[in-house]
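Novice: Okay, here's what each chain looks like letter by letter:
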Amino acid sequence: MKNTKLPDHIAVCFRARGVDTSKIVRYVKGDMDRQGRYVDQILAFDDKNFYILSGTERVEQVKGSKARLHVLFDASDFVERPITELGHLDTDQMVATVRLYSEKEGRLEELALASIGRTNAFEIFAKHFNRFTDNVEEKEEGPIAEEPDLFCDKCGMRYPDPNRKVCPKCISRMSITVRLVKLFFKYWPQLLMIVVFLGLTTLLNVVSPYLSTALIYDKVLAIPERVQIGEVDTLYFGIDLYREVLLVILGLLCVRIISHGLLILRSRYIAGVVPRVVYDMKMLIFGSMQRLGVGFYTSKQTGSLMTRVNGDANNVYHFFLDGIPYLFTSSFTFIGVLVIMFSISWKLTLLVFVSIPIIVLGYWLVMMFFRRLYHANWVYASRMHSLLSDALYGQRVIKAFTQEDSETERFSEYSTRVFNSSTKIGVAQNTVYPLIGLIMRLTSVVLLGAGSIMVIQGELSLGILMTFSVYMNMLFEPLGFFSNVANWWAVCVDSAQRIFEIIDAETDLPEADNPVRLDKIRGDFEVREVMFEYEPGRPVVRNMSLQVKAGQMLGIVGKTGAGKSTLVNLLARLYDPNEGSIYLDGHNLKDIATEDLRKNIGIVSQDIYLFIGSIADNIRYARPDATMDEVIAAAKTACAHDFIVKFPDGYETRVGAGGQGLSGGERQRISIARAVIQNPSILILDEATAAMDTETERNIQNSLAELQKGRTTIAIAHRLSTLRDADVLAVIDKGRVVEYGTHAELIQKEDGTYRRLYTLQMEALKFIGIGQ
Amino acid sequence: MEQKISLINLSGIKYLDPEKAHFYLKNDQFLCLDYDGETYENIKLHRSIPFKLPDDFISVQDMDSKEIFLIRSLYQFTPEQANLLGQQLHKRYFSPSISRIYSVKQKMGYLYFEVETSAGRKVFALNDVTRNLRRIDDGARIVIIDVDGNRYIIEDVARMLPKDFRRIEPYLL
Ligand SMILES: Nc1ncnc2c1ncn2[C@@H]1O[C@H](COP(=O)(O)OP(=O)(O)O)[C@@H](O)[C@H]1O
Ligand SMILES: [Mg+2]
Chain F
683 MKNTKLPDHI AVCFRARGVD TSKIVRYVKG DMDRQGRYVD QILAFDDKNF YILSGTERVE
743 QVKGSKARLH VLFDASDFVE RPITELGHLD TDQMVATVRL YSEKEGRLEE LALASIGRTN
803 AFEIFAKHFN RFTDNVEEKE EGPIAEEPDL FCDKCGMRYP DPNRKVCPKC ISRMSITVRL
863 VKLFFKYWPQ LLMIVVFLGL TTLLNVVSPY LSTALIYDKV LAIPERVQIG EVDTLYFGID
923 LYREVLLVIL GLLCVRIISH GLLILRSRYI AGVVPRVVYD MKMLIFGSMQ RLGVGFYTSK
983 QTGSLMTRVN GDANNVYHFF LDGIPYLFTS SFTFIGVLVI MFSISWKLTL LVFVSIPIIV
1043 LGYWLVMMFF RRLYHANWVY ASRMHSLLSD ALYGQRVIKA FTQEDSETER FSEYSTRVFN
1103 SSTKIGVAQN TVYPLIGLIM RLTSVVLLGA GSIMVIQGEL SLGILMTFSV YMNMLFEPLG
1163 FFSNVANWWA VCVDSAQRIF EIIDAETDLP EADNPVRLDK IRGDFEVREV MFEYEPGRPV
1223 VRNMSLQVKA GQMLGIVGKT GAGKSTLVNL LARLYDPNEG SIYLDGHNLK DIATEDLRKN
1283 IGIVSQDIYL FIGSIADNIR YARPDATMDE VIAAAKTACA HDFIVKFPDG YETRVGAGGQ
1343 GLSGGERQRI SIARAVIQNP SILILDEATA AMDTETERNI QNSLAELQKG RTTIAIAHRL
1403 STLRDADVLA VIDKGRVVEY GTHAELIQKE DGTYRRLYTL QMEALKFIGI GQ
Chain R
4 MEQKISLINL SGIKYLDPEK AHFYLKNDQF LCLDYDGETY ENIKLHRSIP FKLPDDFISV
64 QDMDSKEIFL IRSLYQFTPE QANLLGQQLH KRYFSPSISR IYSVKQKMGY LYFEVETSAG
124 RKVFALNDVT RNLRRIDDGA RIVIIDVDGN RYIIEDVARM LPKDFRRIEP YLL
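So the sequence lines, in the order shown, correspond to chains F and R.
Counting from 683, one number per residue, gives the positions in the first sequence under my numbering.
Counting from 4, one number per residue, gives the positions in the second sequence under my numbering.
It should be emphasised that the hints constitute simulated quantities derived from the structure, not laboratory data.
Glycine is no exception: its CB is placed at the ideal position from the N, C-alpha and C atoms.
Among these hints, one or two may not hold up.
Stated by the list, open to error - With a straight-line cut-off of 27 Å between C-alpha atoms, the simulated DSSO-like cross-links for lysine-lysine are:
1. F:1431 to F:1281
2. F:1106 to R:166
3. F:1431 to R:69
4. R:47 to F:809
5. F:786 to R:166
Claimed, not checked - Anything over 10 Å on all C-beta distances counts as not near chain F; from chain R, calculated:
6. 163
7. 167
8. 174
This is chain F alone, in the form it adopts within the complex (with noise of 0.2 Å):
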């Protein structure tokens, strides 16, 4: 969004007060007074004055239309000012405030304060700002980068996901049914298939009960009308009437093993497809949790992320495997049965009408407080899940520490919780339904009441009532699953929020439309003007720029948590930036294939990650169909096959969670030649030697500069002598490139970062005797 034109609501107040909003150079919105109060704010300025516009901004819906929406802004306070009276702009960001500021001669003074979200357009318009009014030093600086659209049209609110114009409030539950029936309608003659076979098994149901009741009551056993019209004869000979019920029980055993016999088909027929439909959709589901970026793990507890895939897939596939087809079959029969109740006698329908809309309204009061419920106990059964796995995997700590107790504490807390609301639920379903069977049971004893009046006034037979009797019942039945349908639906969607959200994080590190595929990658890196932050407002990596050739090696050093790690991390796409590029090859990051960076980028990483498997499992992670030859040769490189002959199983013992302990050294090295093995274009080395003593790191270094020929390799050290072969040495401090060059260059600046930790390094060596 270029934030030039002012929006019309916004221009309006401006013109209103005189200004050419034609002239606007530039604006930005703002969120609060400097008294810190929610106010809108529109900061601007043209090439004569400073404008500051506070007010409201309200959303109205457009008379007659429901969609429109329009905006206006209701001004309280309009501060104009020369800008010859400001100096140069700059922003203060404080702990959850960012505040604008002009310096001018020293004199500093205070323009505006807005939340910390605000912070990054802040600085944008301070910097168009200066360059405007020339009051920047740097003015080769290249392009400003523009502040990501970050809010929804509709509503206003922020997206939460920048890289994806979606706003989860504007989304209805609608959107997220209709996505769903995407989902399932490849599997539409499946579906069908399923209908067929309840359509079918219905239709009979709502017959039989005529040819079981109204049949043999009124047409069979009606003895008397029979005396009355002659038929006694037949009656004492029997034979007609033996052929009638005959006639009737023989019709009846057809549609009850016609309809038994649907029933075994179609429970077979689900019971085959079933299965696959699970498998696609936990493969989708998976798919896409592989395709995710390291910042969905890293702001997603493991737990809730477990539970959710399998309960949630389980839900939602139940649901539309079930659930629709019942729902289908129901409506049917709901209307069927009503069809034929009003043809049987519109007054004791009317009568039964009367009681429904009170059990739906049970119903639907029912669905709303269960839904609340169900939700609560989702919430608080996957946080106990994921304390759970967090205890697991932090055994070690817990016991170090001695804080089992308090460990127990915490959970039996949760699971008391999750056991409280379980129970509440529990509660809840067992008063309201058996309520609302007592009504259906009151609504057919009246139904029995005004019946028999009808028979003995005649204006009913005996066999009708009793038919009619079995029908209200068919009726209450569906009006049982509908309330269920409501409470399963409530939950189906709830799951397919969550699905979902997995499905969707994929976009977290998106992969281009049209992907450059790159078979070979020189690695020629180029980082312009990048800015990274994990959290909103707290940049790690500020305005960074620098170039590494192919074939060279970079060496990052830094002071810890100077934003090394994360720099390296986003060179191998694991993160995008929030603003800047990066180039590889001359294309930008984004742009090229996955596989291909994944597949040319090693990475050895700060901490290292084993999975449950074998030594050489591990090793060949990324390359599984590697020989043993290679994956031997892999970790004599890397100096790991030493100690790891010297294990009982060797490279068969089992590492990883519960496996064989390594000590970090030992991690490290397998780590190497896990990237050794992969063959990588670009070698990436955080802190990749730190926990090894120096005889090791040396022998490392020695086998990994032959393996460096030829490829770009970035290390993070520690030990400067590590980064002895480095080409070109950048220094790192809060996010930015200090110092960069080579040695030699470095190694001349007075008192300059590098040169002190140099001859800090090489005193303590020499110290300890070990320095030339």
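Since chain F is already given, all that's left is putting chain R with the ligands on it; use the hints.
Specialist: Structure of chain R with the ligands alone, referenced to chain F:
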């Protein structure tokens, strides 16, 4: 006891002596400090224990975010000085307190709040409730951090309207 004292010596923490310090504002909103004959301009205050002890252990930092002093407690100062520091902290740690919760909705894994705060009405979104909705002070106080990094406080859960409490209850642990 001895061990603790020597640890403080070892760490090189410089506690500020309120007797020698004079804080004042320059150009309206920029905090400065005269201390023992030296002047520090445009300094920043940081709370070390922002939720539990908001008035104790205040770090005084220079423009490069390097700590120059640590204030043991604001209560050591004259009311007028304490007031000045308190206001600065309040501004930096802007976190409006929530008085009413009109609605809490969960959509696509995000929680949407509509609330009344001490700074006015506000609508905001949370992503990852477990991390961004925290109970402190044995659960009495709640801190909510929205997608932009803004903080909101619920001062006392027990004093909320019951219907407001029910809206957030499922998310509290
Ligand atoms: N996953 C994360 N979430 C939030 N902040 C993080 C995360 N990883 C690192 N940081 C923060 O980013 C900063 C830089 O971290 P890092 O790049 O690991 O530093 P270095 O490798 O230079 O020691 C640190 O302040 C750290 O707290
Ligand atoms: Mg690191």
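Novice: Against each hint, give a clear statement of whether it holds in the structure.
Specialist: Right, here's what the structure says about each hint:
Between the alpha carbons of residue 1431 (chain F) and residue 1281 (chain F) the distance comes to roughly 39 Å, so the proposed pair goes past 27 Å and is violated. Proximity of residue 1106 (chain F) to residue 166 (chain R) is assessed by CA-CA distance (about 18 Å); at most 27 Å being required, the pair is judged to hold. As the CA atoms of residue 1431 (chain F) and residue 69 (chain R) are separated by approximately 24 Å, the hinted pair is consistent with the 27 Å bound. Annotation: proposed proximity of residue 47 (chain R) to residue 809 (chain F) holds, straight-line Cα distance about 23 Å (limit 27 Å).
Distance restraint check for residue 786 (chain F) and residue 166 (chain R): the Cα-Cα separation of roughly 52 Å exceeds the 27 Å cut-off, and the hinted pair is therefore not satisfied. Non-interface status of residue 163 (chain R) relative to chain F is upheld: no Cβ of that chain comes within 10 Å, the nearest being about 17 Å off. Once the 10 Å rule is applied to beta carbons, residue 167 (chain R) is consistent with being away from chain F; the minimum gap is 14 Å. In this structure residue 174 (chain R) is not separated from chain F by more than 10 Å, as the shortest Cβ-Cβ distance comes to only about 6 Å.
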